[in-house]
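On the provided structure of chain A, position chain B as indicated by the hints.
Residues per chain are reported as follows:
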Amino acid sequence: MKKGLSLFIAACFLGLWSFSSGQEPQKPHHFYNVDTERKIKGTIQEIIMEPRYKDSSPFLIIVLEEKNTHKKFIVEISPVRFFTHDFHKGEELEVVGSFYSKEGSQNIIARQIRFRGEIIILRDKHGFPAWRGGGMKQKKRRKGRGF
Amino acid sequence: MRGKNFLLFFSLPFIGIIVIFFVLSSLNRAYIKNNTEELVKEQLQATAEILKVNISHLLREHYSADEIFESYSRKENIYYMALLDEKKEVLSWSSQFEGYLPLSLQSIRDEESWIIDSPAGKIFNYFSPFSSQEGKAYFLYLGYSLKNLEEMVVYSRRNFFLIFGLISVIGIIFFLGIYQLQGHYLEKKREAEEEKKEKERYREISAFTSGVGHEIKNPLNSVSLVFELLQKKAPAYLQEEVGAGKEEIQKISRIIDQFASTLRPLKLSKETFALGEIVSSIRGSLIKELDKAEVEIRYV
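Chains as they are written, first to last, in the working numbering: chain A, 1 to 147; chain B, 1 to 300.
Bear in mind the hints are in silico, worked out from the structure with no lab data behind them. Here a beta-carbon is modelled for each residue, glycine too, at the ideal position from N, C-alpha and C. Some hints here could point you the wrong way.
[What the hints assert, rightly or not] Below, simulated EDC-like cross-link-like pairs (lysine to aspartate or glutamate); rule was C-alpha separation at most 16 Å, straight line:
#, chain 1, residue 1, chain 2, residue 2
1, A, Lys41, A, Glu103
2, B, Lys136, B, Asp85
3, B, Lys88, A, Asp35
4, A, Lys125, B, Asp117
5, A, Lys54, B, Glu67
6, B, Lys122, B, Glu37
7, B, Lys136, B, Glu61
8, B, Lys52, B, Glu134
9, A, Lys89, A, Glu66
10, B, Lys88, B, Glu112
11, B, Lys217, B, Asp257
12, A, Lys54, B, Asp66
13, A, Lys54, B, Glu70
14, B, Lys122, B, Glu61
15, A, Lys67, A, Glu94
[Claimed, not checked] Okay, the calculated beta carbon distance ranges per label pair:
#, chain 1, residue 1, chain 2, residue 2, range
16, B, Ser71, A, Gly133, 21 to 27 Å
17, A, Lys71, B, Ser26, 52 to 58 Å
18, A, Glu37, B, Ile17, 49 to 55 Å
Same shape as in the complex, but just chain B:
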């Protein structure tokens, strides 16, 4: 019973709340992450467009691809970049990591973006075409660091676990409280039921004893009448014994009455009474004793 109550009033609700929180929070985080990634992707694509215009301009100014890349490759967030001709031959490239340019030309489309994992964090890759002002076709390949986005994700994950821990602690305290209250309520209910049973048994005993008392008192009355008759007709030397017998019969009758009244269920009723009258009546009965030297009345 205790184990079942623990399951019903602590384990199940607590686990339920935790699971609901976990699922909702995970869905929410996934939604925010996806939307943020999408937003970052759009922004980075827009940045790439600006970059392409600049490169196109510099190419028209007869800067070599290497010269152009030398300046752009210094940027912290651009991990690598490459300029390809219309046949997708790499004209120039630069990378912050020795020889690292994760570009596979075997199945790449003319415009594509994707994210790869690396020991330096997630990298957003963007491959797209552009034309120089002379109309020559080129492709630009860029690899942007998504470190800031990852930091946000880590921050969000950390907050999630903090809140999760907090909710777990609060949940434990709350549902333990509920479980305790429920236990207390059950205890009271059990006590009330026991009390009810006890009263029922007491009532039965009372009814039984009053029945027994009635059955005893009937013959006692007859015996008492016999003693009264005896008292009238008995000789003088037997009067004392007959009187004593009658008294004993009356004594038994009184005992039975007392016993029956003791076992009768107690009925309490609210009444208004004059306390002053009671006190003065008691005082009146006691005041007769005041004349005796050793008697003293104290009001406490």
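Chain A extracted, bound-state conformation:
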């Protein structure tokens, strides 16, 4: 046990000092900030696929127009390969996610979405991406239950 612990600590130290080859770092974009979580509901205006994080496959991005305010939000869903549903322009979408503004645009990193009555969980409550472990969870919407 002690030996294992020592190895673990040594690995930490070595890890810090060695600049060995490993996976390339992500270019910082914006993180999932749990403090700025909000919910919006709107209609899909545009579907985009673009890279978001370094060395990550392209992400599915939705431009969503909020119903009441007609404000447009850029919603980051997940890597395209991970998402198995088809979005269509004009369809309704409800999103819970972390909000941030960037260069005048309103952005949301989605944690869970409600689409065609189905709740799709994309990240856990701390923002850990479901495609990196845990898997995408889907729940059928129940009548009278909140999102």
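For chain B alone, kept in the frame of chain A given last:
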């Protein structure tokens, strides 16, 4: 009775041993786990201190926060890290998982450490302040993987269940043995008690029969005396019948004696005797028969 014995000599002790082992082992594992976590926490905090000195040095060298993080974020055990200014605004961050930086600034203190669960395992979070060499205040937020610690915990848990299984098997064998021994002892005890009762009954019968024999023999003696008197005074033609009657009386008396001696409890006593004398005496009595043609003596 059998069910009660099974409960007392197998079920209860076996369950007791298993419960004691389980409780002690769980307490021990919890103690080791807590202490190890504490130790790891201290070591990681010390590592963070070294990291802060390095970052402070690199900042003085006019490296940008992004450049500094680019090199550190390659490390396998650091899942994420962030550099914050004195107002706790994130200046730069990096993460091995897309957009994952589980930092809530709403209620965080200036220095805090905590552990969170994630699908990638437990993560040790450490948020602490530091100053650059120019005196500017910063905060460093780190998320270390506790995968190795978890592997140790899993290993310990697996060993626990292996030992638990082994002890269960040994316990079953041991207490079944105890239960069998106890059953055997009870069986013997029951047999001994039955034997004792039988002897007691036999003794009672013996006493009763010797009483009966005594009661029969008293009138028989009187009858025998009468026959003797008759033999003396009876005419010659009746002598034979009187003699036969007397013999019958004696026969009854012998039968009663034999019966009484048979029912008398047998008392065994250890004695030393000369076997040679007995053999030669038997031989002496048999040797008279040797003259007859059809008699042959064999020593087997």
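Here is how each hint holds up against the structure:
1. Lys41(A) x Glu103(A): violated (22 Å)
2. Lys136(B) x Asp85(B): holds (8 Å)
3. Lys88(B) x Asp35(A): holds (13 Å)
4. Lys125(A) x Asp117(B): holds (11 Å)
5. Lys54(A) x Glu67(B): holds (15 Å)
6. Lys122(B) x Glu37(B): holds (11 Å)
7. Lys136(B) x Glu61(B): With Cα atoms ~14 Å apart, Lys136(B) and Glu61(B) stay inside 16 Å; holds.
8. Lys52(B) x Glu134(B): Judged against 16 Å, a Cα distance of about 14 Å means the pair holds.
9. Lys89(A) x Glu66(A): holds (14 Å)
10. Lys88(B) x Glu112(B): The given pair, whose Cα atoms are some 14 Å apart, holds under the 16 Å limit.
11. Lys217(B) x Asp257(B): Within the cut-off at roughly 9 Å; holds.
12. Lys54(A) x Asp66(B): Since the Cα atoms of Lys54(A) and Asp66(B) sit roughly 13 Å apart, the hinted pair holds (cutoff 16 Å).
13. Lys54(A) x Glu70(B): Holds: Lys54(A) and Glu70(B) sit about 11 Å apart, inside 16 Å.
14. Lys122(B) x Glu61(B): violated (35 Å)
15. Lys67(A) x Glu94(A): holds (10 Å)
16. Ser71(B) x Gly133(A): 21 to 27 Å: For Ser71(B) and Gly133(A) the Cβ distance comes to about 25 Å; the hint holds.
17. Lys71(A) x Ser26(B): 52 to 58 Å: Holds, at about 55 Å.
18. Glu37(A) x Ile17(B): 49 to 55 Å: This hint holds: roughly 52 Å between Cβ atoms.
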